[in-house]
Each structure stands twice: as structure tokens, then as C-alpha cells.
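4 protein chains.
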Amino acid sequence: MAETIIKIDLDKPPYENENIHNRWHPDIPMAAMVKPGDDFIVECHDWTGGQIHNNDDASDVRDVDLTQVHFLSGPVGVEGAEPGDLLVVDILDIGTFQESQWGFNGFFSKQNGGGFLTEHFPEAQKSVWDFNGMFTKSRHIPGVEFAGLIHPGLIGCLPSKEMLEEWNKREKVLFDSDPERIPALATLPYADTAHMGKLSGEAKTRAAEEGARTVPPREHGGNCDIKDLSRGSKIYFPVYVKNGGLSVGDLHFSQGDGEITFCGAIEMAGWIHLRVELIKDGMSKYAIKNPIFKPSPMAPKYDDYLIFEGVSVDEQGKQHYLDVHVAYRQAVLNAIEYLKKFGYSGAQAYSLLGCAPVQGHISGVVDIPNACATLWLPTDIFEFDVKPNADGPKQHVKGNIDLPLAKDK
Amino acid sequence: MAETIIKIDLDKPPYENENIHNRWHPDIPMAAMVKPGDDFIVECHDWTGGQIHNNDDASDVRDVDLTQVHFLSGPVGVEGAEPGDLLVVDILDIGTFQESQWGFNGFFSKQNGGGFLTEHFPEAQKSVWDFNGMFTKSRHIPGVEFAGLIHPGLIGCLPSKEMLEEWNKREKVLFDSDPERIPALATLPYADTAHMGKLSGEAKTRAAEEGARTVPPREHGGNCDIKDLSRGSKIYFPVYVKNGGLSVGDLHFSQGDGEITFCGAIEMAGWIHLRVELIKDGMSKYAIKNPIFKPSPMAPKYDDYLIFEGVSVDEQGKQHYLDVHVAYRQAVLNAIEYLKKFGYSGAQAYSLLGCAPVQGHISGVVDIPNACATLWLPTDIFEFDVKPNADGPKQHVKGNIDLPLAKDK
Amino acid sequence: MAETIIKIDLDKPPYENENIHNRWHPDIPMAAMVKPGDDFIVECHDWTGGQIHNNDDASDVRDVDLTQVHFLSGPVGVEGAEPGDLLVVDILDIGTFQESQWGFNGFFSKQNGGGFLTEHFPEAQKSVWDFNGMFTKSRHIPGVEFAGLIHPGLIGCLPSKEMLEEWNKREKVLFDSDPERIPALATLPYADTAHMGKLSGEAKTRAAEEGARTVPPREHGGNCDIKDLSRGSKIYFPVYVKNGGLSVGDLHFSQGDGEITFCGAIEMAGWIHLRVELIKDGMSKYAIKNPIFKPSPMAPKYDDYLIFEGVSVDEQGKQHYLDVHVAYRQAVLNAIEYLKKFGYSGAQAYSLLGCAPVQGHISGVVDIPNACATLWLPTDIFEFDVKPNADGPKQHVKGNIDLPLAKDK
Amino acid sequence: MAETIIKIDLDKPPYENENIHNRWHPDIPMAAMVKPGDDFIVECHDWTGGQIHNNDDASDVRDVDLTQVHFLSGPVGVEGAEPGDLLVVDILDIGTFQESQWGFNGFFSKQNGGGFLTEHFPEAQKSVWDFNGMFTKSRHIPGVEFAGLIHPGLIGCLPSKEMLEEWNKREKVLFDSDPERIPALATLPYADTAHMGKLSGEAKTRAAEEGARTVPPREHGGNCDIKDLSRGSKIYFPVYVKNGGLSVGDLHFSQGDGEITFCGAIEMAGWIHLRVELIKDGMSKYAIKNPIFKPSPMAPKYDDYLIFEGVSVDEQGKQHYLDVHVAYRQAVLNAIEYLKKFGYSGAQAYSLLGCAPVQGHISGVVDIPNACATLWLPTDIFEFDVKPNADGPKQHVKGNIDLPLAKDK
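Residue numbers (full-length UniProt numbering), protein chains in the order written: chain A, 1 to 409; chain B, 1 to 409; chain C, 1 to 409; chain D, 1 to 409.
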């Protein structure tokens with residue numbers, strides 16, 4: 001068995017573990033070193049570091065401290081890695097902890113981060129999912145069970161100093177364009193809750209003030225939340241600092257394209273088994289700016305779909321110009337209305353679309369003025385038939401249970 | 001064999017065929033009537049009605065009259081269809097004409113419509129694709145051959161009067177927000193080149209002035225350019241007028257998600273074999289606003305992918321807020337740079353991504369401020385290995401041929 | 001459009017067409033010549049040459065003259081092909097004739113060929129299948145519709161003189177081991193009904209007496225009835241004579257593994273579009289004895305299966321030693337009994353398993369004394385749910401129609 | 001986490017564990033009881049109970065005591081199960097032990113069991129496979145790595161007394177038809193090495209003398225070695241005794257159709273996570289004789305194949321009558337000769353075809369006198385290109401390593 005080079009204790013705060021960090025900064029020391037060709041295991045907290053609990057009360061989702069996220073395991077240094085190389089990472093496996101066979105999904109309060117449909121679901125709600133081997137189901141969303149397309153939401157290498165500065169600069173410009181907006185337009189550096197791994201003292205203080213937040217995906221990958229970056233995939237990461245510095249976290253048992261609920265997928269603590277190799281000078285050889293990857297040879301085959309279309313006319317009938325975001329929101333809303341006809345609440349449908357292996361396709365982006373997006377709902381995850389027929393839908397779901405909701409204080 | 005209820009003559013202008021129209025309007029008379037359960041064949045012009053030719057000169061793409069598009073076959077009336085019903089359409093088959101075994105792809109001049117990457121490829125170019133049974137290849141893009149995911153780019157029912165008014169109103173508001181913009185923000189009604197099917201006289205004149213252009217996808221479906229709406233799929237269309245009025249055109253031999261090149265997919269003339277059924281009052285039963293569909297049981301299996309990521313920071317380094325359009329553009333540009341390392345020109349790579357069965361996924365839309373989009377490039381369409389390895393890319397493509405380009409006049 | 005190098009007339013007997021033959025012999029002259037790289041179209045009779053009709057009377061199946069089959073189109077000569085080469089054949093497409101949108105399936109009388117289950121279904125029966133674009137259904141087997149995995153049952157190159165002698169010799173030995181058996185153990189040369197293409201006179205007479213029957217698959221491929229040799233596949237055929245001499249016929253709209261009903265798949269007349277290339281000395285380079293092939297990138301996705309097991313204990317409880325034939329028969333019988341619970345007659349179920357894209361796997365061949373075979377029934381071809389549940393099966397099929405049967409005379 | 005209801009100790013002989021048995025007999029007491037709806041974990045020895053070791057010496061394969069196999073975990077009783085019911089088993093997951101990250105494959109000496117190709121490989125050889133997360137590779141077979149289609153080779157319910165008698169009777173008849181044959185035609189009851197679980201004293205002695213050997217698959221399922229009965233599949237087992245009595249073992253990390261090497265797949269110790277339900281009177285409701293199953297929604301996607309054909313003419317040129325066993329052997333031999341052209345030894349190729357997710361299809365069973373079988377070799381498991389081309393094969397495998405061989409004593 002491969003060595004577990006980063007261990008965690010679910011009963012202790014991640015801040016006490018010096019192999020964890022929650023900001024991006026080139027000065028964070030390597031938590032461990034490996035060689036090209038090595039495979040090894042890294043344990044990971046859930047993205048919130050244990051703030052959300054396996055119960056029927058959504059107040060933890062409402063009150064979450066988002067300045068703490070994401071707790072990442074690493075950085076792992078790879079001997080010989082230099083800026084300009086590609087770090088080739090095989091995700092050999094991902095698993096859960098025996099003592100933690102569950103995950104959570106939720107939407108934040110609009111006052112605290114919101115989500116893709118925060119105008120429609122402005123208050124904090126959550127669903128809890130139990131894991132049964134490779135399958136999951138939720139006591140809050142009856143009638144579905146499916147196999148997890150398990151993956152890390154967040155993985156990538158440390159940025160260089162120059163890259164970090166660019167990130168901070170461009171995001172500040174955006175934030176400053178509407179600084180009072182709720183939710184905010186961007187998450188800026190925030191030293192108070194920064195955890196900088198093994199850094200301490202003045203070096204830590206300085207890095208904490210500069211460290212980029214982990215929320216957005218960026219050139220290095222990071223919080224891409226790509227559901228297909230699953231166990232078995234092979235990823236080619238750009239290297240920006242000596243030894244690379246690969247960090248990983250935010251494991252998901254399953255997620256739909258878009259991670260629309262923001263909190264987020266089926267979020268979980270667990271472990272990930274990786275193997276690393278290098279392509280020297282690979283960024284230039286292959287003109288790589290962002291990571292590229294090959295998907296896994298093994299993924300759940302939920303490939304009978306019912307597909308919903310959306311175009312970029314918003315809920316108020318306003319015409320937007322080739323806006324895929326608006327178009328996908330319409331497709332999602334269309335799917336939610338459809339599922340409500342089978343007895344689901346809107347919140348249940350919304351959460352399900354965030355958790356299940358739903359596909360979101362950019363179907364048309366040139367037919368002015370309407371972008372067209374499609375949401376692909378896998379029909380085999382349901383215990384009943386959700387396809388349309390001449391008789392109309394049967395209300396298979398009783399409607400006697402719903403997602404817990406915690407009202408804004 | 002099913003009856004061909006709408007025939008065309010490729011040697012005659014579509015304006016001479018009264019079973020063709022190029023605007024949406026509820027007053028267009030039915031070209032033919034069928035009954036629920038019937039199957040029938042409809043012949044279609046390519047979307048430009050024959051303006052583009054099988055040669056090595058892109059001036060036809062440069063000089064195209066886009067006010068003429070799209071030439072649609074129909075409307076086909078279905079007995080008993082009423083507003084509020086769902087018209088269930090099985091696409092039983094799609095095929096080419098024996099005398100027209102080719103298609104075209106191109107990008108318009110920025111002065112005349114442009115395309116997804118018009119800032120990068122501002123002048124008109126085209127590629128011509130030959131069909132060999134179910135496969136296609138292009139003399140302008142060496143090293144690739146693939147099976148076509150053949151589909152109609154445009155299909156849907158006639159809008160009601162109220163819906164048409166809403167379309168015209170909301171698109172005018174957008175257009176008026178920047179009326180000088182090139183390319184324009186929207187295509188407004190334009191009577192001069194309108195073809196209103198069997199309408200004539202004053203009725204035609206009035207309808208031509210009101211008729212919505214066919215460019216954007218809308219609530220009824222229309223120009224969705226969804227590559228998976230292919231032969232074998234089953235679509236549920238909203239009905240807005242008596243008898244439904246189903247029109248179809250803009251056949252594509254193959255297309256990538258987004259139809260990024262705008263002109264467009266591999267565009268072709270051909271025929272489509274349809275079967276229709278009704279779900280009475282289906283819109284209300286299933287809460288349907290836009291069409292929904294089930295994909296075909298038969299599609300080319302190009303499912304070994306190399307996946308490119310993009311985030312919503314644009315080419316100038318500017319940060320956009322959760323803008324999937326920008327993110328997908330970055331993923332596309334990343335793929336183009338990658339393919340250039342194998343010897344392709346940028347134009348060849350761009351055209352290929354518009355034609356091949358490329359997937360575009362909305363991977364993350366909540367991780368502020370960056371949307372993340374992914375472009376899935378099928379690797380089996382290439383005659384050589386395009387995956388990265390330690391040795392770096394081999395320049396399999398010689399670079400001695402390229403897409404014809406017609407400079408702006 | 002590729003040239004049609006062999007044409008047929010469905011209204012004329014295949015014996016009148018000198019580009020057709022129904023025996024294998026090296027002396028049959030090439031019907032047409034092509035060059036490596038060429039693509040071309042060949043038209044084909046159904047395997048019986050029109051003996052079976054689109055009606056509800058199985059007497060044509062009962063009275064079929066099996067000494068006439070199979071009517072093949074060819075041989076097509078490829079310039080430069082020499083013994084020892086591999087002839088690489090791309091099946092670019094396969095299609096039906098507009099005037100012949102139907103096919104047939106049947107089981108012969110045990111007195112005249114029988115079938116896999118001839119002990120259970122000893123008398124002639126047939127089902128007729130209508131084609132609707134890429135889909136088919138039968139008026140004799142309600143409740144199913146599926147897309148065709150269209151393919152040639154029979155394709156291969158002419159044998160050399162030495163190979164032909166070996167075939168005739170070894171099959172005669174087998175036949176002679178039980179010459180009175182019904183059905184016969186092998187089909188031996190039979191000059192009376194031989195059609196030797198362009199051969200005439202004494203040369204024809206001699207070849208007709210030696211020509212191998214087309215029934216069995218052999219080293220050259222021939223009547224392999226491999227359902228996955230479908231449109232889009234690429235096949236590498238051994239070459240035994242100068243110019244190769246590729247012949248093809250016995251087109252199937254769809255078939256299950258094993259072609260258990262013998263008559264056989266959904267049999268049809270139609271055309272096939274081929275492209276040829278050569279690998280010089282390929283047999284030795286790759287140690288090729290029998291053809292090898294790559295399956296198509298495009299095939300119907302009926303991949304939700306209900307799987308039936310069978311072991312090599314026969315219907316009378318007798319134990320056989322690792323006999324896959326017996327094991328597969330048990331799996332087939334198990335599936336038939338299962339389908340009868342939904343209202344199908346045994347004959348309907350048997351015919352369906354011969355026609356639908358059923359898989360037959362050799363699951364275990366070493367666990368003495370029982371071979372284990374599995375029959376994979378695709379569940380999506382049914383219009384109702386055939387999976388088991390706690391409530392038991394619903395009899396969706398009324399049982400008021402059945403396959404026509406023609407009693408032995 | 002589900003409860004582990006049967007535990008094993010890899011350092012102790014399975015004979016010391018009373019929740020293990022190696023014969024089928026209705027009198028074996030339940031090792032544990034569960035209720036319908038329960039899920040639970042069962043640990044399993046490898047099929048030989050630890051006789052084969054992770055080293056480079058095949059003498060353990062040569063000297064294996066096959067009268068001991070297979071060591072099964074169970075029987076697990078399900079409350080309320082009665083003869084005639086169907087026991088519905090969900091395989092929720094299967095995994096390896098942290099301390100045992102390897103498996104073995106081998107062919108027995110012809111003197112001791114042999115294998116599918118024992119005439120070609122008459123002496124004992126083995127290959128050892130290391131597990132790296134979901135992937136495996138072998139130090140004895142370079143150039144391949146693939147994800148495991150992990151499954152139990154053996155699973156089923158206890159037979160009734162009557163069924164047991166029938167098994168013993170029919171197998172004895174076969175054995176007696178050639179009692180001196182090597183390998184034997186069947187494995188008969190053998191008390192000396194029988195392990196009857198919790199049975200002891202006289203009851204054990206009597207049961208041991210009657211207990212059916214576990215080698216062959218039978219009506220109840222048992223040693224089916226169906227590679228697709230993998231984690232995620234749902235199986236419907238016939239119940240013959242009160243409480244069902246489900247036993248399981250012979251876990252495989254991966255296997256090809258046919259398990260041709262007999263020893264067998266990639267054999268391993270590990271654990272299996274199951275969930276059980278009942279369909280009362282299900283055998284009669286659905287006419288079930290042998291188990292049926294639905295395959296998993298999650299399996300490795302190795303679906304680019306090179307397909308080898310074989311017909312039922314044996315290695316000596318003798319014609320067999322519709323013998324799928326002979327035909328599949330020819331297809332396997334053809335694949336081995338092909339792989340040797342890339343540098344593999346025959347033994348390496350044979351072992352690989354037993355271990356990798358190879359498909360074996362019954363392609364034609366009616367075209368007298370030749371059965372046609374196909375072997376589907378997945379091409380993506382190789383680190384190099386194994387498809388044919390005009391240049392001929394490159395010898396990627398150096399040939400400096402081979403499978404250990406232990407000569408017969």
C-alpha cells in the first residue's frame with residue numbers, strides 16, 4: 001500500500017495541522033517531498049474543515065465562516081519540478097473514511113455567498129447524503145440513488161509570486177467595481193483566518209496578507225469543480241515554483257456540472273491516492289496555460305438523459321447577449337419546474353441538480369442574441385420513470401419531507 | 001418508404017419554393033398536413049440556400065447575405081395540435097442527397113456577423129468537407145476523419161402572435177442599447193429578403209415586416225444548434241398555434257458544442273425523416289417552457305477526450321464575473337494553441353473545433369469570480385496521437401495547406 | 001457520390017446477374033476492379049435472393065431452397081493485391097433500398113436446416129420487420145422498437161485452390177460421420193444450384209462441382225454473422241488469390257449474437273459502401289489467420305441489460321463437458337421463459353432474441369464440467385419495463401398475435 | 001459504515017474459521033443472519049486460501065491442492081427467505097485489504113487441472129499483479145496497466161437436498177464416462193479436505209462426503225466467473241433453502257470473458273459490501289431457473305477493441321460441429337500469435353487474455369458446421385499502439401522477462 005504522506009484528524013481543527021493550508025502563496029513550505037514516479041496518499045478535510053454536521057438543522061450552513069475555506073492538504077513537493085514543467089498527476093483512487101460515511105450539500109444564504117439560484121432560494125438549506133459503498137442517497141431527497149463520480153473539487157500547484165500578484169490585482173479591480181454588492185463580486189485576501197501550513201511568525205503574517213483565496217479556479221487549476229476530474233483521470237498541471245507544490249482538497253462524492261448549489265457538491269472528507277510524473281518544459285512544448293486532462297476510464301454510466309434547454313432571456317423576460325450563465329440558469333429552472341411535477345419541492349430539485357451527475361453543455365454561443373445551454377438530467381438515478389408520456393406525470397414523491405432550512409437571523 | 005411531403009430543387013432559388021420560409025410568423029400557412037402517428041420526409045436547403053460553394057474561394061462566405069437565412073422547410077401542420085400541447089417528434093433519420101455529398105464550414109468577416117473568435121479571426125475563411133458514407137474529411141484540414149453526428153440545427157413550431165411580439169420587443173431593446181455595434185447585438189425583422197412560404201400579397205407584406213429572424217434559439221426551440229438533437233432523438237416541442245406548424249432546416253453533418261464558427265457546423269442540404277405524436281395539454285402537465293428531448297440511442301462513440309479548461313479572465317487579463325462565455329472562449333483558445341503545436345494553423349484548429357463532435361461543458365458557475373468551462377476534444381478523430389507525452393508533440397501536419405481566406409473588400 | 005460498381009434488380013433472379021455468385025471458388029472472375037484507396041458501392045440481394053416475402057404466410061420459409069444461398073455480390077478485385085497481403089476494408093455505410101423498406105426473420109423447419117432451438121421450435125415460422133429510418137419494428141412482435149446495428153452477415157475474399165480443397169475435405173469428413181443426420185452436419189458442394197458469376201461453360205461446370213458452400217464462416221471470414229462488423233467498422237482480410245476478390249452479401253438490419261434463429265437476423269436487400277486499402281505482406285507481419293477488425297465508432301447504445309445465465313447441463317438434465325453451445329442454449333431458453341411472463345409467445349421471444357442487439361458472452365470455459373454462457377438482453381428496446389420487481393411482471397403483451405407458422409408438409 | 005459480519009485473518013488457515021466453507025451442502029449452518037434491506041460486509045480469502053504467494057516462483061501454482069478450493073465466506077441467512085423466493089443482492093462495493101495490495105494469475109499444470117490452453121501451455125506458470133488504487137500492472141507482463149473490473153467469481157445460495165443430489169448424480173455420470181482422463185472431466189465430492197463451516201462431528205462427516213465441489217457454476221449461480229457481476233451490479237438469486245444461505249468468495253480484481261487461464265483471473269483476498277432484499281415467490285413469478293442480473297452502472301470503459309475471430313476447426317485442422325469452445329480457443333490462439341509480434345511471449349499473452357477485461361462473444365452458432373466466436377481485445381490497456389498499420393508491428397516489449405514456470409516434478 002502506498003504511504004499516507006499527509007494525515008488528518010477529523011476531531012481536531014485543521015488549523016492545528018501544519019500540512020494543511022487555506023490560501024495560495026508561493027512561500028508556503030512543502031508539507032512533504034516525493035519523487036517522479038512515486039504514488040502516495042493524502043488525507044483531506046471536507047472543504048469547510050468540519051463546520052457542517054450530519055443532522056437536520058441548516059443553521060450550520062447559514063452560519064458557515066467562508067473566509068476559512070478551502071482547507072487543502074499539501075503542498076506536496078516533487079523533486080526536480082521546475083517552473084515551465086508539466087506535473088502529470090494520476091488520480092489512482094479516492095475514498096471515504098470508515099468513520100465518516102456521509103456528505104452534505106447546501107445552498108448558502110444570499111447574505112453569505114448565495115448560489116447559482118440565490119434569487120430563487122435565498123436562505124440556507126442543506127441535504128445530507130449517506131454513502132453505501134459506491135452509491136449514495138439522501139434522507140432529504142427521496143426516490144434517488146446513484147453511484148458517485150468521486151473527485152477532488154480543488155487541485156493545483158502553487159502560484160509564482162508574479163502570478164499571485166496578477167490574481168490579486170485583477171480580482172481587486174473587479175471587487176472595487178461594486179464593493180457593496182451582496183454576494184460580493186470576488187473574495188479578496190483576508191489574513192485573519194488564513195492558515196499558511198508550516199509558515200509561522202512574520203513570514204506567515206506577510207504571506208497571509210497576500211495569499212489568494214481558494215474560491216475561484218484560476219490558471220493553475222485550483223477550485224475548478226470539474227466533476228470529470230475523477231478517480232482514474234490523468235491531469236497535466238503547469239508548474240510555477242520549484243518543486244511544484246501540489247495541493248488538493250474539497251473532495252466530492254458526486255456533483256453536477258456547474259456545482260450550482262455552491263455548497264456545493266456532495267461534500268466530504270476523505271483520502272486521495274496520487275501518482276506523479278514530470279514532462280520537462282512541458283508548458284512550452286504543448287503551449288499549456290491552464291491544466292489539461294484525460295478523463296477516467298471508469299465512471300458511472302448514467303447516460304440515458306432527459307435534456308432541458310435554456311436561452312439567455314432571464315426570468316423577467318429581459319434579453320441578454322450570448323450570456324451562457326443566464327441560459328444555463330434557465331435550463332436549470334426548467335428542470336426544477338419539471339421535477340416539481342413529480343412531487344419534489346423546488347429546494348429538493350435544486351439540490352439534486354447540484355449533486356447528481358448532471359451535465360451542463362454550452363450548446364450555442366453564436367446565434368445572436370441568444371446563447372443556448374442544455375442541462376442533461378440522467379434518468380436512471382430515479383427509482384421511478386421521469387420521462388414524459390401521454391398520461392402525464394405521476395406524483396411518486398409524497399412531499400412530506402423537505403430540505404431543512406435555516407432562516408436568516 | 002415514407003412520403004416526401006416537402007421537396008426541394010437544389011438548382012432553384014428557395015424563394016421559388018412556397019414550402020420554404022425564412023422568418024417566424026404565426027400567419028405562415030401550413031405547407032402540408034399530417035396526422036399524429038404519421039412519419040414523413042422533408043427535404044431541406046442548406047441554411048444559406050446555396051450561397052456557399054464547393055470550391056477553394058472564401059469570397060462567398062465573405063459576401064454572404066445573412067438577411068436571407070435560414071431557409072426552413074415547413075411549416076408542417078399536425079391535425080389536432082392545439083396551443084398548450086406537446087408535439088412529440090421522433091427524428092427517424094437524416095441523410096444527404098446523392099448529388100450533394102459535401103458540406104461547408106466557415107467564419108464570417110467581423111464586418112458581417114463574425115463568430116465566437118471574431119477578434120482573433122476577423123476575416124472570412126472556409127473549409128469544405130467531403131462525405132464518404134457516414135464519415136467526413138476536409139481537403140483543407142488534413143489528418144482528421146470522423147463519423148457525423150448528423151442533426152438539424154434548427155427545428156421548432158410557429159410562435160403565437162403574442163410570443164412573436166414579445167420576441168421582437170425584447171430583442172429591439174437589446175439592439176437599441178448599442179445600435180452601431182459590429183457585429184450587431186441582435187437581428188431585427190427585415191422585410192426585404194423575407195420569404196413567407198405560401199403567404200402573398202398584403203398578408204405577406206405585413207407578416208414580412210413582423211416576422212422574427214431565425215438566427216437565435218428561443219422558447220420554441222428554433223436555431224438551438226444542439227449537436228445531440230441528432231437522428232434517433234425524440235423531442236417534445238411546445239405548441240403555440242393551431243396545428244403546431246413544425247419547421248426544420250439548417251442540417252448539419254457534424255458540429256461541436258457551441259457551433260463556435262457560426263458558419264457554422266458542417267453545413268449541408270439534405271432530408272429528414274420525422275414521426276409525430278401529441279401529448280395533449282403537455283405543456284401544463286410537465287411545466288414545459290422550452291423543448292426537452294431524449295438523445296438518440298445511436299451516436300458516434302468518440303469518447304476518449306483531451307479536456308481543456310478555461311476561466312473567465314479574458315485575453316487581456318481582465319477579470320469577468322462568472323462569465324461562462326469568456327471562460328469557454330479561453331478553453332477554445334487553449335485548445336487552438338495546443339493543436340498548433342502539431343502543425344495546424346489557427347484557422348484550421350478553429351474550424352475543426354466548430355465541426356468535430358467537441359463537447360463544451362459548464363464546469364463551474366459559482367466559484368466567484370471565475371466561471372470554469374471545459375472543451376472536450378475527442379482524440380480518436382485524429383489519424384495520429386494528439387495526447388501529451390514526455391517527448392513533446394510531433395508536427396504531423398505539414399502546414400502546406402490552409403483554409404481559403406477572403407479579405408474584406 | 002461513390003460509384004455503384006455492382007447493381008442488382010430486385011425483380012430479376014440473381015442467377016441472371018453475372019456479378020453475383022453463391023459458391024466460393026478461386027476461378028470466379030472478378031466482377032469489377034478497383035484500386036487501393038478507392039471507395040465504391042455494391043448492391044446486394046437478401047441472402048435467399050428474394051425467396052421470402054413480406055406477408056403473413058411462413059410457407060416460403062418452410063419451402064426455401066437452401067442450396068441456393070447465399071447470393072453474394074462480387075468478387076471485387078483490388079489492383080496489386082497478392083496472396084499474403086491484408087485487404088483493409090472500411091465499411092463506410094450500409095443502406096436499404098427505398099422500394100424495399102422491410103426485412104424478415106424466421107426459423108426453418110427442422111427438416112430443412114432448423115435453427116439453434118430447432119428441438120423446441122421444429123416448424124417454420126417467420127416475422128416481418130418494417131424499417132422506419134434507422135428504427136425497426138414488427139407487426140408480429142408487439143412492444144419493441146429499436147435502431148438497427150446494420151451489417152453484412154457475409155464478407156470475405158476468395159479462397160485459394162489449396163484452401164478450398166482443405167475446406168471441402170474436412171467438411172466431408174464431418175458429414176460422413178453421420179450422413180443421414182437431420183439437419184445435416186455440413187453442407188457439401190452442390191452443382192445444380194451453383195451460380196458462379198461470370199464463369200460459363202466447362203469452367204463453370206467444374207467450379208460448380210468444387211465450389212464451397214457459403215453457409216459456414218471459415219478462415220477467410222465469410223458467413224461470420226458477427227453483428228459488430230457493422231457500418232463504420234474496419235476489417236483486415238487475408239488475401240489468398242491475385243487481386244483478392246472481395247465478395248459481400250447477406251445484409252442484416254439487426255441481429256443478436258449467435259444469429260440463433262438461423263433465418264437469421266433481420267434479413268434484407270440493400271447496398272454497402274466500401275473503401276479498400278492494402279497492407280502488403282500483412283498476414284505474416286501480424287500473424288493473421290482469420291480476419292481481425294475494429295468495431296464502428298457508431299452503434300446503437302442499447303447498453304442497459306438484463307443478463308441471463310446458462311450452464312452446460314441440457315434440457316434433459318444431462319451434464320456436458322465445458323460445452324458453450326449447450327450453455328448458451330440454456331441462457332437463451334431462460335430468457336424465453338422470462339419473456340413469456342410478459343405475454344410473449346415462445347416463438348416471439350425466440351425471434352426477438354435473433355433480431356435484437358442481444359449479446360452472447362462466453363463467461364466461463366474452464367470450471368469443469370460446466371461452461372457458463374450469458375445472454376445480455378437490452379432492456380431499452382421494449383416499450384415497457386422488463387426488469388424484475390417485487391410486484392411481479394405485468395402482461396403488457398396481449399397475446400392476440402403471433403408469428404405465422406407453416407406446418408411441415 | 002456497514003457492519004463486517006464475517007471477518008477473516010489472512011495469517012490463519014481458513015480451516016480455522018467457522019464462517020468459511022468450501023463445499024455446497026444444505027446442512028451448513030448460517031454463519032450470520034441479516035434482514036431484508038440490510039447492508040453488510042463480508043471478508044473473503046483468495047480462492048486457494050493463501051496457497052499462492054507474491055514471488056517469482058511458480059511452484060506454488062504447480063503444487064496447489066485443488067481439492068481445497070474455493071474458500072467461501074458464509075452462508076449468510078436472510079430472515080424470511082424461503083424456497084422459491086428471489087434473493088436480490090446489490091453489490092455495493094468490493095475492495096482490497098491494505099496489507100494485501102496484489103493478486104495472482106496462473107495456469108495449472110496439465111497434470112493438476114490445466115486450463116483452456118493446457119495443450120499449448122502444459123506446465124505451471126504464474127504472473128503477479130500489483131494494485132495501485134483502481135489500477136493494476138504486473139512485473140511479469142510489461143506494457144500494460146488497466147483499471148480493475150472487480151467482482152466475485154463465486155456467489156450463490158445453498159442448494160436444497162434434492163438439487164445437491166441431482167448435481168452429484170449428473171456429474172458422476174460424466175466423470176465415469178472417462179474416469180482416467182487428465183484433467184478430470186468433473187470434480188466429485190471429496191471429504192478429506194472439506195470445510196463445512198460450523199458443522200462438526202458426525203453431521204460434518206456426512207455432509208463432507210456429500211458436499212458438492214465448488215468448481216463448476218450451476219443452477220444457483222456459484223462459480224460463474226462472470227466478469228460483469230461486478231461492484232454495482234444487482235443479482236436475483238434463486239432461493240432453495242430456508243433463509244437462503246448466501247455464500248461468496250473467489251474475488252477477482254479483473255478477468256477476461258472465459259477466465260481462460262483457470263487460475264484464473266487476477267485472484268485476490270478482499271471484502272465485499274452487500275445489500276439484500278427479497279422478491280417473494282419470485283422464481284415462479286419470473287420463471288427463474290438460473291440467476292439473472294443487471295450489470296453495474298460503473299465499469300472501466302475499455303471499449304476500443306481489436307477483435308479476433310475463430311471458427312470451430314481445431315489446431316489440427318479437424319472440423320467440429322458448431323463447437324463454440326473450439327471456436328473461442330481459435331480466437332484466443334489468434335490473439336496470442338498477434339501479440340507475440342509485439343514482443344510478448346505466448347505465456348504472457350495467454351495470461352493477459354485471462355486477466356484483462358477481454359470480451360468473448362458467441363458470434364455465430366447456426367452456420368453449420370462452424371461456430372464463430374470472437375475475442376475482443378481492449379486496445380487502451382496497452383501503453384503502445386497495438387492496432388495494425390502498413391508499417392507492421394513494432395516490438396515494444398523487449399522479451400527479457402517472462403512468466404515464472406515450474407516444471408512438473
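Treat the hints as calculated values from the structure; they're not laboratory data. Predicted, not measured: the structure shown is a model, and the values here were computed from it. It cannot be assumed that every hint is accurate.
[Unchecked claim] Quick list of in silico lysine to aspartate or glutamate cross-link-like pairs, EDC-like style, CA-CA up to 20 Å:
#1 K340/C / D63/D
#2 K285/B / D391/A
#3 K301/D / D385/A
#4 K294/D / E337/C
#5 K301/C / D380/B
#6 K234/D / D304/A
#7 K285/C / D391/D
#8 K234/A / D304/D
#9 K294/D / D281/C
#10 K387/A / E277/B
#11 K7/D / E99/A
#12 K294/D / D391/A
#13 K294/D / D303/C
#14 K234/D / D385/A
#15 K234/C / D303/B
#16 K280/B / E119/B
#17 K387/A / D314/A
#18 K169/B / D314/A
#19 K172/C / D304/D
#20 K294/B / D304/A
#21 K407/D / D63/D
Violated constraints from the hint list, given by number and in increasing order: Violated hints (numbers, rising): 1, 3, 9, 12, 16, 17, 19; every other hint is consistent with the structure.
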